[in-house]
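Once you've looked at the hints, dock chain B against the given chain A.
2 protein chains.
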Amino acid sequence: MDKSHVEKLNWIDEIHEDVRYGLKAKVILDEYSDYQRITIIESNRYGKGLLLDSCWMTAEFQEKHYHEALVHPALCSANDIKRVLIIGGGDGGTAKECLRHKQIKNLDLIEIDNRVIEVCQEYLPGIGSYAWKDPRLNIKIEDGITWVSNAHENSYDVIIVDGSDPKGPAKGLFNRNFYENCKRILKPGGVFATQSESPESFFKIHIEMVQIIREVFNFADPLYGWVPMYPSGWWSWTFASKESPIYLNPMKERADQIKEECEIWSIRWQQGAFHAMPAFVERALEK
Amino acid sequence: MDKSHVEKLNWIDEIHEDVRYGLKAKVILDEYSDYQRITIIESNRYGKGLLLDSCWMTAEFQEKHYHEALVHPALCSANDIKRVLIIGGGDGGTAKECLRHKQIKNLDLIEIDNRVIEVCQEYLPGIGSYAWKDPRLNIKIEDGITWVSNAHENSYDVIIVDGSDPKGPAKGLFNRNFYENCKRILKPGGVFATQSESPESFFKIHIEMVQIIREVFNFADPLYGWVPMYPSGWWSWTFASKESPIYLNPMKERADQIKEECEIWSIRWQQGAFHAMPAFVERALEK
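So the sequence lines, in the order shown, correspond to chains A and B. Residue 96 in my numbering sits at position 96 of the first sequence, and the numbers go up by one each step. Residue 261 in my numbering sits at position 261 of the second sequence, and the numbers go up by one each step.
What the hints contain is simulated information worked out from the structure, not anything from laboratory work. One or more hints might be untrue.
Same chains, same label: a pair holds when it works inside one copy or across any pair of copies.
Unchecked claim - The calculated lysine-lysine pairs, modelled on BS3-like cross-linking and capped at a C-alpha distance of 27 Å, are: (1) Lys102 / Lys287; (2) Lys82 / Lys26; (3) Lys26 / Lys252; (4) Lys252 / Lys287; (5) Lys204 / Lys259; (6) Lys259 / Lys287; (7) Lys133 / Lys287; (8) Lys24 / Lys204.
Chain A with its partners taken away, still in its complex shape:
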């Protein structure tokens, strides 16, 4: 994040490979937790926003692009959705989208950095919103990698990985051992979901993630959407299951209970987004 000239209102940028995306904003909070730099800004265009280690994570008026795409393909398709696990997701947006599904009985949110939750609850309360008070939500301040390695077999109907890029505290969320534990603790008929980076700005990571997840689970497919504040604006999420590509077929009755509040997601959008694989990605995955 370049904020060399921070005064009242200035440009706050994430810089990635000689490209920058910036919002005109003021810095409200900028501190180091035990794990990372945490910055809260207030922008003209998208309201308040969060950066971790100088990378854009979310903002009040841009969060649904990311959270709806991560959550609803999984929660509308898994056989059952009583017990759901979120790894990361300290801003609360993923939990909020999950808890719109009435069938959830228990939602475990495993966040390594308590300070992210505290800061988001204070400065970005609309992103987690009612989720923070929902009795179905159980927050555990723990390393998600340890959590999945300790959890019992067949513990969860849905597992959602909502981590940042593969560096710093999120690095261990991008390897085979982690995915194998996720598979082990996923119930039959369950769905695994993870953000899987930009096919443009993180091409190699994206391809490797899809390939490894496919090898581990048997069935895995990415879908492609947009998060304007992330590098290239073009983002992906990958869904996996053990028995069949169940995640390709959302249930209409589950969609009906959430669709009115969705900005991006719909059954139509999801079907298109799974299909809209660019030619260079299709070729790379065929190799």
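Relative to the frame of chain A, chain B by itself:
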């Protein structure tokens, strides 16, 4: 474009509604033609690039995202593709993608600003590439609005509008009268194609364009893809025809002759991209 600190290598940004997208680059050329400011930069990440009136237009290593999405859905689906018209497109990228289709006999490119063509031929020769020397290409330096109002009925199999945002010289490419002339000069079984802005950064313009084009032609649908250097990174192109939504069904034999050189476009990608309409756009178009 903020280039207040231009030295050898600096940030060149397009600023749109308190958001900026910048490339680390040096300015190679910066001048005013009779119509607009023309800037050529050389960036680390995407090679040389063009800005018109301080807005990103194209760059060597990012141009195919835009040009393939604009051209191939139309040229793979129109009944015939002997006579094709491009309005704008002075960088040559649209012409290059068109001329990969062997069935084209005549390609008229109507560009209002001769200086754009000269500058792109000199500094961005790879974008137009072989198109500039193809005898099928006829360049006319004229106002595209005048051209379509003077052209005879049923003159073209495909009409492609490759203009910038609706301000400055491109403003007249975004109104009912222009679309009605395009419809008039389009042959039966023909397809009309236009870039149709970002559903995120130009929401109102995008919705109005789709609605008006649908009213004029009877059948029109947008597809959604990515141009990282454009505002929000999220972009749309709209296709129209008079008799049926023929543009939804690309012909496999036409796709086969171009697909190997495509980075983004494929029949699969196109079908997904037409389907991946975000919920907020679907609701706005239903009103």
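Here's how the hints hold up against the structure:
{"no.": "1", "hint": "Lys102 / Lys287", "in the structure": "neither (41 Å within a copy, 30 Å between copies)"}
{"no.": "2", "hint": "Lys82 / Lys26", "in the structure": "neither (41 Å within a copy, 56 Å between copies)"}
{"no.": "3", "hint": "Lys26 / Lys252", "in the structure": "neither (43 Å within a copy, 52 Å between copies)"}
{"no.": "4", "hint": "Lys252 / Lys287", "in the structure": "between (35 Å within a copy, 23 Å between copies)"}
{"no.": "5", "hint": "Lys204 / Lys259", "in the structure": "between (34 Å within a copy, 22 Å between copies)"}
{"no.": "6", "hint": "Lys259 / Lys287", "in the structure": "between (37 Å within a copy, 17 Å between copies)"}
{"no.": "7", "hint": "Lys133 / Lys287", "in the structure": "neither (47 Å within a copy, 36 Å between copies)"}
{"no.": "8", "hint": "Lys24 / Lys204", "in the structure": "between (31 Å within a copy, 22 Å between copies)"}
Hint check: violations occur at hints 1, 2, 3 and 7; the rest are consistent with the structure.
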